[in-house]
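For this one, chain A is given, so just place chains B, C, D, E and F on it according to the hints.
Protein chains: 6
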Amino acid sequence: MATDFRIKEELGQLTDRLVDSYLEHRSINYLGHCPLPNVADVVSIVSDVKELLFPGYRRRQHLHMGNVTYFVGDMIDSLHDRLTQQIARAVRYGSDTQHSDCCETEKLKDFEMEGQRQTVRFLESLPELRRLLATDVQAAFDGDPAASGLDEIIFCYPGLEAISSYRIAHQLFRQGVPLIPRMISEDAHKLTGIDIHPGAKIGPSFFIDHGTGVVIGATCEIGSRVKIYQGVTLGALSFAKDEDGNLVRGSKRHPTIDDDVVIYANATVLGGETTVGANCVVGASVSLTRTIPPYTVVTIEKPQLRFRDLQPKPEAG
Amino acid sequence: MATDFRIKEELGQLTDRLVDSYLEHRSINYLGHCPLPNVADVVSIVSDVKELLFPGYRRRQHLHMGNVTYFVGDMIDSLHDRLTQQIARAVRYGSDTQHSDCCETEKLKDFEMEGQRQTVRFLESLPELRRLLATDVQAAFDGDPAASGLDEIIFCYPGLEAISSYRIAHQLFRQGVPLIPRMISEDAHKLTGIDIHPGAKIGPSFFIDHGTGVVIGATCEIGSRVKIYQGVTLGALSFAKDEDGNLVRGSKRHPTIDDDVVIYANATVLGGETTVGANCVVGASVSLTRTIPPYTVVTIEKPQLRFRDLQPKPEAG
Amino acid sequence: MATDFRIKEELGQLTDRLVDSYLEHRSINYLGHCPLPNVADVVSIVSDVKELLFPGYRRRQHLHMGNVTYFVGDMIDSLHDRLTQQIARAVRYGSDTQHSDCCETEKLKDFEMEGQRQTVRFLESLPELRRLLATDVQAAFDGDPAASGLDEIIFCYPGLEAISSYRIAHQLFRQGVPLIPRMISEDAHKLTGIDIHPGAKIGPSFFIDHGTGVVIGATCEIGSRVKIYQGVTLGALSFAKDEDGNLVRGSKRHPTIDDDVVIYANATVLGGETTVGANCVVGASVSLTRTIPPYTVVTIEKPQLRFRDLQPKPEAG
Amino acid sequence: MATDFRIKEELGQLTDRLVDSYLEHRSINYLGHCPLPNVADVVSIVSDVKELLFPGYRRRQHLHMGNVTYFVGDMIDSLHDRLTQQIARAVRYGSDTQHSDCCETEKLKDFEMEGQRQTVRFLESLPELRRLLATDVQAAFDGDPAASGLDEIIFCYPGLEAISSYRIAHQLFRQGVPLIPRMISEDAHKLTGIDIHPGAKIGPSFFIDHGTGVVIGATCEIGSRVKIYQGVTLGALSFAKDEDGNLVRGSKRHPTIDDDVVIYANATVLGGETTVGANCVVGASVSLTRTIPPYTVVTIEKPQLRFRDLQPKPEAG
Amino acid sequence: MATDFRIKEELGQLTDRLVDSYLEHRSINYLGHCPLPNVADVVSIVSDVKELLFPGYRRRQHLHMGNVTYFVGDMIDSLHDRLTQQIARAVRYGSDTQHSDCCETEKLKDFEMEGQRQTVRFLESLPELRRLLATDVQAAFDGDPAASGLDEIIFCYPGLEAISSYRIAHQLFRQGVPLIPRMISEDAHKLTGIDIHPGAKIGPSFFIDHGTGVVIGATCEIGSRVKIYQGVTLGALSFAKDEDGNLVRGSKRHPTIDDDVVIYANATVLGGETTVGANCVVGASVSLTRTIPPYTVVTIEKPQLRFRDLQPKPEAG
Amino acid sequence: MATDFRIKEELGQLTDRLVDSYLEHRSINYLGHCPLPNVADVVSIVSDVKELLFPGYRRRQHLHMGNVTYFVGDMIDSLHDRLTQQIARAVRYGSDTQHSDCCETEKLKDFEMEGQRQTVRFLESLPELRRLLATDVQAAFDGDPAASGLDEIIFCYPGLEAISSYRIAHQLFRQGVPLIPRMISEDAHKLTGIDIHPGAKIGPSFFIDHGTGVVIGATCEIGSRVKIYQGVTLGALSFAKDEDGNLVRGSKRHPTIDDDVVIYANATVLGGETTVGANCVVGASVSLTRTIPPYTVVTIEKPQLRFRDLQPKPEAG
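Residue numbers (the numbering used here), protein chains in the order written: chain A, 11 to 327; chain B, 11 to 327; chain C, 11 to 327; chain D, 11 to 327; chain E, 11 to 327; chain F, 11 to 327.
Hint data in this document are derived by calculation from the structure and do not stem from the laboratory. Note that the structure is a prediction, hence the values are computed from the model and not measured. Among the clues, some could well be false.
One copy or any two copies: either way a pair holds, since identical chains are not told apart in the list.
[As the list claims (entries may be wrong)] Under the rule of at most 30 Å between Cα atoms (straight-line distance), these lysine-lysine pairs were calculated in the DSSO-like manner: (1) LYS262 to LYS211; (2) LYS117 to LYS18; (3) LYS211 to LYS60; (4) LYS200 to LYS60; (5) LYS200 to LYS211; (6) LYS119 to LYS18; (7) LYS18 to LYS60; (8) LYS251 to LYS262; (9) LYS117 to LYS312; (10) LYS251 to LYS312.
Next up, chain A with everything else stripped away, as it sits in the complex:
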């Protein structure tokens, strides 16, 4: 390749200028000795957890009752070590957001013990997660006439992918693990276009069809047997600020959806005090900002359509 080697030997100046910028805009560096959780490791852990939740469908094949215990036991053991490491990092991070570097051995030990404790608690929740996910898979089959069977849903449905990641992330969120739940939900968001905050509370038999563009906010509460379609937003109305003009974090900003509700495509339900009562149906493109009682169907007065004829006229002779 025709390269000017003199220029190449001067790249050191570029390097120095870039490193200088690390001193200047420190907010977007992490140059500390104690590592943060690693997104790629977390993603790989979640992928392995899903192998356990839906055994036989994904990477590992040829599982049967004669070997599945070995597979599970080996995976649990591996997950124990890897998840303990990531949670210990997250716990350390959460205990000290000013990037201080005092990873003293004594404290590190505490973080690691906490990481192990949280990991075991998470692993213990797997049978319960399976119980929930089995209801979600059934709900998808019951709700979509295009589904040829449960297996197709487990293999292919982005809604199930997003809900699985959410249920994993939510379990860790409930345990108070910092940072990692959000890494998990954003990974699912990238894959599916469905953005469920790990803080949301969602009951069993939840079904999201198609799903692209769905947003479910951090303080949503969703009951059992709820069904939502692509483009639905369960969001905040506006953000409260404190007297210094900073956002108030932590209050309930997103709606409550009771049992057996259906929300059609592109509808939005906004506000922390808004409740959609049980058995309601929210029509496509409806925008709700206040509570509706149970057994209500809400639709919009469709905008008037205008029709214009494009047909080329025969020219007069």
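Using the frame of chain A, we list chains B, C, D, E and F on its own:
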């Protein structure tokens, strides 16, 4: 790492509880000896098929007329073996949805023969797929003033990515291959945010711009030279149920779009009996649930806008 | 596997038919000796550039002030070589869109020199990109009450991912590098569902929340401290055609958004002459096609909602 | 790169000439549809078997009594499938050395059943192989003052590596599996420079020190507690030929070494009727071609050494 | 991990001292812009060439007459590019051993053209290499009663591995390619313990049994149907020095072995003027430094053996 | 594949039997929680150290004075972490050979601190290792007329490979690091057939030609400018045992070789009190077990050769 090794040695109990849950919620395990099709293998096959459809653009470089036959012949041979295996699994699966485990040698042989037959038929369709895709690429260039050339479209356009996957999946769908077409279309959905069911019928010169959020249902029929924008849904109105309350699967639930139609962003066309006639234009955010005749422009009566002035007033002195 | 080997030996005929189709539909082959830029290589380069822009957060861990210079210097050196190669290919491509094959040594040398020149110019811009991105990260924190800290934003927010890719792509676009900027922005589009054309001009402190479905056109101009939500389209009204019926490429087709504007979910602003004045707020689902003055709040007259009671009536006794 | 593209486009002629040579020198092609065992797969299987024989020392770390059963069960399951496949191929190969291509489904089934039967028999021998190898490890420690412990031997000693591979290969040889035992022993030969034919019979507590250049022939019989050093050959005297001048294959051509023998570096013991009696010591560089009784020390009359003085003489003044 | 981070931050001083040593002991750095041939790339090229020489036996399986042309054509094309690059580097290196850095575009072009010319010449020799190797395989079968068939030899025999590498390396050596032939032969030396200098001339039907420790010097000439055993050295007597005390390089220093000779284990034949006549047999451990006429058997007067009885005497009662 | 699934489901019994054998032959398990050093990691560390010792020759190319500091600094940093981990494990292991499992946090911290201390000491020795290796490379060039230049030696000579590994291992041995030095030397032994114990002391300008079969014992002392050929053993005479019949470990058992000695192929020098004086030449196949004074040439009285004529006699007419 500071680990409590006693806890680690007791993970076996966790393993047992999780394996127990496989006996309880069997609907989301697959613990049979005869493997299902594998999503990762199918995705890799599709990636290789696209190498053949658009040679020289993707992974393999330095192809020229002197070596392209070797490349193609080698790839065809490899695809023959891998696709035969996956289709044979899908065919076996389709013949027996109750997870029975009777993979007797005699029947397996039949499935494999069928897998090979279907594979050869698919590979024979590749020149026709190329003919169709050439029209799609040209349609994208003709329809997007931001495109600098055909190559940019082949390299970058998510719409083309989704349509390529769709055309591959649809060919297998037409051949009656179970499960695999949907795996292919959901992989494209993940990559592009465009969800085209492999059962849809779509004519040549099809263009989807931007594409995120597009949903095209299983029983849609789309003519030639149709152009649609991001967020468009071609969906079902509501699902018929039989007398037992179960969904009726298989009826035409999605609309028909005739030749030369343009559908702008976020419009929805719903219902199996809805037809958008040839040369129609459906405006942004229009929601259509009934047939419109050819050469019609449909737009919505835009909702009234309200304007409020935020300008801080000068305080009176 | 039960295979009919005679069929397998005849796959050569399939190969020949497919190769024949390369002569027929030439527009979607690239069978030239001079390679095009490679999407996978470009994606890997962008990933490494992001390692430099946000050191310590992504793949590479254990960076600290004692070793970061080595890491950066080594990466800069590697990026120099790889980016020079890709840009040289793009420059050659841009100089000759008819796939001619005359890669004479003399001209190739010029393309490579130009590739190096452009690469060094790009690498020199990295500190400035960091300065801009630091403002974007802060804007995300200031705008989202669910954010627990800056680190969470850098790790997880798809909006930041898309903006980072955009700022990298835009720098190369400004330098006049063909093809590669679009490869970069479409990679981000796939990951995030956010489609920002590299030609758009966007000021500092830009925040996109959730983001799925956002489209920002090639000739948009966006000021400082702008905030937009999922589903927002900043698009074109309609495409001008020249007297031969071909699209006019290159004119300003997309709107201008002034400083401190907020645009809520699913709003659309269309047209090259449309300007949203500074400090405006555009409400959810608003569709704007004309200019509004500064300090204006625009909302839609919400469509009338209809409520219907589903409650099963107690049967009369 | 400066390439003459015309030359490149003519490589097809080279290809054709090379393919023609496959028709001419058929003895060194294998162009049949039924695959042979694959060396890389066999090597990987052996590596995994060694993980089971010496758990915790090699690739897999962090094994403990709480998880080792999972690890072993999972590995056994995986080995079952992979080894069955390789042995089935070897059995098919052994049944038909003329490269005929009749892999009819019915026969294939028989080969596969035989592969599984042989695999299970091999796996059942693993505890016995461990018992033998434990004696070999102890013998190495007892015989080498440089060894710091048993662990060092398991980690580092090429002699143990070769003996482990031999014991695995010999088990398969005894079962009558074709081709694969030799693949295993030659892999060990490459790694260690120690060439033990899988047909040799070797008792427990066998130690080879340093080992490079050791050759142990196919029909050797070696007792318990034998110790040999680098460069030792236990070989054939000369090869019998039949009346057509072809080698007689299968007769005992290599020596018998009784219990508790030591053979020092570079000694050779040749001939199928040669026996080294129990408790003998064979000195370095001795060449034995006839039987010696028990409790004999054999050394060579060392060749006379000649000494010459090189010292530069002081010049006379 | 308990790390003293202050120490870690001071590793920069270590780095500086090591880099300083690159200025001091320059003879063992290569810090020039024009890359040398790369051993790993050369090894991978040789591995692929062996796939072509022995198709169907090694990595690539499922080759048959219906697909082998595609495989070969694709591989030839790939080898053309990779080998051209490596040979061009070697040619540049050979033209300029003082590490000068003047890789001017004009000269580079010449090196690349020469690389391509040499590559094509090498690829053209492949059918002839196959012809020779077929004789070597047959010779191994005819010479070793332990061989169960030709396939076992191709799969397993280190002698054949070494000879194959030698024949490849020798072809490039004859073409005058610098450095690369030796890389190839040393790779084979590592794998097999057989050290054949690429400069040696070796006729057809060559067989090396066991092979560990064989050394064949650069100026050896070996006829047809020669057979040698492990530990044989065909070496130099002593090295001539010129009047300045430097070694004279390039003269014939190694022996000539005529047709149909057998040389048994650990024999040494030394000296450039030594010839072993046709049909000779050189016995094990013979050390020859002068010419012997055809049809001669040379053996050593075996050193006298001494026997001593170790038998513990029964103690007198 | 035709598999008997009932057999497959019973593999659990096999697993149990194998795990039982771990309780029985404990000497060849390592089932403890505190991991041992890992051979693959150690090998990868050594490979990286060689990148630093011979920059530009091996994996990493395109190094020049403008970027080499970054490369070295980055590698040193990475080596610091990885080597600290491995040495800490080795130190823990060395402190406790009974496999006890008490890895208490407090002690672990000490081991890690010691690991770091040893690592820094090792890294500090790299410039001195380079100084020594530069003399070895020059000695190879001065000693082998077949060498075309220093670069060929660095690329290809197994002797240099073995000496480099030895010098690295010896430095760690001198520091008292357990286990790891032997892992390093046995890795080199596998690659080169040259077995140098890391405990040996070897002066500068050391050259081993060809090398296969060379053995250099743990307590050898070798001066400057020594040159040895393939098959040379510098070994022990016999092993002293203590009164319990156990080997005495640690005494000087191997010879001393003074400066400027040459030892030709297959010679053996044995015994801890044997010294070969400066400037001696030891002839091929000589076996020395006692001291010889400086400036002595020792050769063997060559065994008498016997010649026999094989020539077929013309039959009398």
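Results for each hint:
no. : hint             : verdict
1   : LYS262 to LYS211 : within (12 Å within a copy, 36 Å between copies)
2   : LYS117 to LYS18  : between (46 Å within a copy, 20 Å between copies)
3   : LYS211 to LYS60  : within (20 Å within a copy, 34 Å between copies)
4   : LYS200 to LYS60  : both (17 Å within a copy, 17 Å between copies)
5   : LYS200 to LYS211 : both (21 Å within a copy, 25 Å between copies)
6   : LYS119 to LYS18  : between (46 Å within a copy, 16 Å between copies)
7   : LYS18 to LYS60   : between (47 Å within a copy, 21 Å between copies)
8   : LYS251 to LYS262 : within (14 Å within a copy, 38 Å between copies)
9   : LYS117 to LYS312 : neither (61 Å within a copy, 56 Å between copies)
10  : LYS251 to LYS312 : between (36 Å within a copy, 26 Å between copies)
Checked against the numbered hints given earlier, the structure breaks only hint 9 and satisfies all the rest.
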